Amino acid sequence: MTKAENRAAARAWHQERMRQRAEEVRAEAVAADLAELGRLRHYLIFGRKDRRADREKLMSAIDDYVGEMTGDRTALHAKNHKCG
1 MTKAENRAAA
11 RAWHQERMRQ
21 RAEEVRAEAV
31 AADLAELGRL
41 RHYLIFGRKD
51 RRADREKLMS
61 AIDDYVGEMT
71 GDRTALHAKN
81 HKCG
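Counted from 1, the sequence shown has number 20 at position 20 by the numbering used here; the numbering is strictly sequential.
None of these hints come from the bench; they were simulated from the model.
Note that the structure is predicted; figures quoted are calculated from it, not measured.
Quick reminder that beta carbons are idealized off the backbone N, C-alpha and C, glycines included.
One or more hints might be untrue.
Computed list of lysine to aspartate or glutamate pairs in DMTMM-like fashion (alpha-carbon distance at most 20 Å, straight line) [unchecked claim]:
(1) Lys57 <-> Glu68
(2) Lys3 <-> Glu24
(3) Lys57 <-> Glu36
Taking CB as the label site, the calculated pair distances span [unchecked claim]:
(4) Tyr65 <-> Val25: 43 to 51 Å
(5) Asp64 <-> Glu5: 24 to 32 Å
(6) Gly47 <-> Ala9: 41 to 49 Å
(7) Tyr65 <-> Ala10: 26 to 34 Å
(8) Met1 <-> Leu58: 57 to 65 Å
(9) Glu16 <-> Thr70: 50 to 58 Å
(10) Ala4 <-> Thr70: 57 to 65 Å
(11) Ala22 <-> Asp72: 39 to 47 Å
(12) Glu5 <-> Thr70: 37 to 45 Å
(13) Gly38 <-> Glu5: 18 to 26 Å
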């Protein structure tokens with residue numbers, strides 16, 4: 001392998017490693033955002049004493065945002081029950 005080929009291979013490896021690190025950081029950020037949104041949604045469902053109409057709007061907005069982030073609008077919904 002020549003020096004030029006070696007440099008090109010090293011550059012390609014470095015770019016791939018940086019892409020992987022950026023992907024890992026993005027995944028951690030999404031997980032942290034989902035955890036915070038899950039806490040907010042839980043508070044809206046169970047913690048608030050004032051149950052006005054804005055609760056449904058806020059929950060819908062949270063679900064829409066989660067849907068944009070993950071592709072699954074129901075990612076924060078309880079999935080521990082079985083129907084039927």
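Cross-check of the supplied hints:
no.	hint	in the structure
1	Lys57 <-> Glu68	holds (17 Å)
2	Lys3 <-> Glu24	violated (31 Å)
3	Lys57 <-> Glu36	holds (18 Å)
4	Tyr65 <-> Val25: 43 to 51 Å	violated (20 Å)
5	Asp64 <-> Glu5: 24 to 32 Å	violated (49 Å)
6	Gly47 <-> Ala9: 41 to 49 Å	violated (55 Å)
7	Tyr65 <-> Ala10: 26 to 34 Å	violated (40 Å)
8	Met1 <-> Leu58: 57 to 65 Å	holds (59 Å)
9	Glu16 <-> Thr70: 50 to 58 Å	violated (25 Å)
10	Ala4 <-> Thr70: 57 to 65 Å	violated (43 Å)
11	Ala22 <-> Asp72: 39 to 47 Å	violated (23 Å)
12	Glu5 <-> Thr70: 37 to 45 Å	holds (41 Å)
13	Gly38 <-> Glu5: 18 to 26 Å	violated (49 Å)
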